[in-house]
Every structure is written in structure tokens, then in C-alpha cells.
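Visitor: Below, each chain spelled out in residue letters.
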Amino acid sequence: GQSLEQPSEVTAVEGAIVQINCTYQTSGFYGLSWYQQHDGGAPTFLSYNALDGLEETGRFSSFLSRSDSYGYLLLQELQMKDSASYFCAVRDRGTGGFKTIFGAGTRLFVKA
Amino acid sequence: DTGVSQDPRHKITKRGQNVTFRCDPISEHNRLYWYRQTLGQGPEFLTYFQNEAQLEKSRLLSDRFSAERPKGSFSTLEIQRTEQGDSAMYLCASSFQAGGPRDTQYFGPGTRLTVL
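Chains as they are written, first to last, in our numbering: chain A, -2 to 109; chain B, 103 to 218.
The set of hints was computed from the structure by calculation and includes no laboratory data.
Heads up, a few of these hints could be off.
Here are the simulated distance ranges between beta carbons [stated by the list, open to error]:
id	chain 1	residue 1	chain 2	residue 2	range
1	A	Thr8	B	Asn132	39 to 49 Å
2	A	Gly38	B	Glu130	21 to 31 Å
3	B	Leu218	A	Glu6	30 to 40 Å
4	A	Gln(-1)	B	Gln199	16 to 26 Å
5	A	Gln(-1)	B	Thr216	21 to 31 Å
6	B	Glu154	A	Ser5	31 to 41 Å
7	A	Glu52	B	Gln199	13 to 23 Å
8	A	Arg90	B	Gln182	23 to 33 Å
9	A	Met77	B	Lys116	37 to 47 Å
Not close to chain B: a few residues of chain A, all C-beta gaps over 10 Å, as computed [to be verified]:
id	residue
10	Thr8
11	Ala13
12	Gly50
13	Ser64
14	Asp65
15	Gln76
16	Lys78
17	Ile98
Partner residues are not named here, just some residues of chain A that face chain B (Cβ under 8 Å, in silico) [as the list claims (entries may be wrong)]:
id	residue
18	Pro40
19	Phe42
20	Arg88
21	Lys96
22	Ala101
23	Gly102
Glycine residues also receive a C-beta, built at the ideal position from the N, C-alpha and C atoms.
Hey, can you work out the whole structure from these sequences and the hints?
Guide: Below, the structure written as C-alpha cells:
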């Protein structure tokens, strides 16, 4: 089966750097995505890693190590608006096609 | 608005009734996904279409759930004989797959279902 683990909550102060880790177990791994979801809103795409290494997009970076089945999302220069839930999601190849399996999410609280 | 739209936004029904939700993806997106999300959890994969073909369906999905995408554009998700455990937010997402591994999904606002 597939499973993803990420911390349930992280708290950080404005201007700081925070790292949200994700470990996964899947049979047909294709890539790891990160999504942000504010309360009452829909998930929005942040980043995608198919190969090992770091992907940088503005204040957000994402890292993947396929050999360790591990990835992380790095948020720099934290702002109050970054308070949200962050989900890692594995793109997994099933019998007929692909499916995306989401973790339970990490709730990030940014304090002033 | 050229984003993913879902209708209705809210649905309240009595246990045992059938409900149907509609999703209109971003035009020209060839992939469409349905998810279910409950409070404090991540989206749970239900099914996925590539054009009009339903290529993958969660084994967690009972026979009461069915989805269609008849012309490869909009999609419907039907739940028959609803149960209180079906109460959740039902999310639709679409993406355009051009052959590479990347699959950026754009989510709609969701349909919140409450089963009394």
C-alpha cells in the first residue's frame, strides 16, 4: 500500500525558516508534490520533484531523496500569510494509470 | 473565471438519498481527479480520468460511488444511498498532461456534503 508521514503541526516566527518533512512508502513512485491549503480554501500547488535534489521557487524550496523515500518543503522569510496546512503528495502509478496520494498535512502556525 | 468550478457548493441530504455533483475543469485540461477531504485530513483520492476514460479508481471506493466524464470535459460524481460517513468536502482537480512526469493539479472550491 501507500503511506505518507509528515508532522501534524509546526510553529515558527515571522521572518524565520521552517522545514516540513515528508517520508513516503509507495510501490510505483513517480514524484512528490507539495500543496498549500488555507482554512476554507482549496489546495494550491507549490512544487514538484521527480528527481533527487532541490527545486527552488521564490521563498519556497522542495527537496527529494528517492533512495531515502524522503522529501521536505523549506519556507524562508516566513510571513503571517504562510499560516496554512501543507500537504505532501506522492504521484503513484497504479494498475490503470496514476493516482495522487496525499499526506494528512502539516499545520503551520506563523507567530509575530 | 477560467478556474475549476464545482456545483453545488453545498449539499444537505438525508441518509439514503442519492446525490450528484458536477465539476467543470479548466478548458483543455485532459486529466480530471475527484478527491474527498474530511476535517484535519488530506485529500483522499477517489478516481481519475484521462479525457473520457476512467483510468484509476480507489479500492476504498464502494459501489455506491460512480463517476463519469462523458465527453472528456465536465465530470459528475454520484453517490447512491448516502450514509452519514459520506459527509465530507468533495474536491475536483484538473491538470494538463503533456507527456512528462509533472502533474500540476488545479483544485476547485469543492462541494461540501452533509448527510443527516
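Visitor: All hints are to be evaluated individually against the structure, with a verdict given for each.
Guide: We went through each hint and held it up to the structure:
no. : hint                               : in the structure
1   : A:Thr8 <-> B:Asn132: 39 to 49 Å    : holds (40 Å)
2   : A:Gly38 <-> B:Glu130: 21 to 31 Å   : holds (24 Å)
3   : B:Leu218 <-> A:Glu6: 30 to 40 Å    : holds (32 Å)
4   : A:Gln(-1) <-> B:Gln199: 16 to 26 Å : holds (20 Å)
5   : A:Gln(-1) <-> B:Thr216: 21 to 31 Å : holds (29 Å)
6   : B:Glu154 <-> A:Ser5: 31 to 41 Å    : holds (39 Å)
7   : A:Glu52 <-> B:Gln199: 13 to 23 Å   : holds (19 Å)
8   : A:Arg90 <-> B:Gln182: 23 to 33 Å   : holds (30 Å)
9   : A:Met77 <-> B:Lys116: 37 to 47 Å   : holds (42 Å)
10  : Thr8                               : holds (17 Å)
11  : Ala13                              : holds (25 Å)
12  : Gly50                              : holds (14 Å)
13  : Ser64                              : holds (17 Å)
14  : Asp65                              : holds (19 Å)
15  : Gln76                              : holds (22 Å)
16  : Lys78                              : holds (19 Å)
17  : Ile98                              : violated (6 Å)
18  : Pro40                              : holds (5 Å)
19  : Phe42                              : holds (5 Å)
20  : Arg88                              : holds (6 Å)
21  : Lys96                              : holds (5 Å)
22  : Ala101                             : holds (5 Å)
23  : Gly102                             : holds (5 Å)
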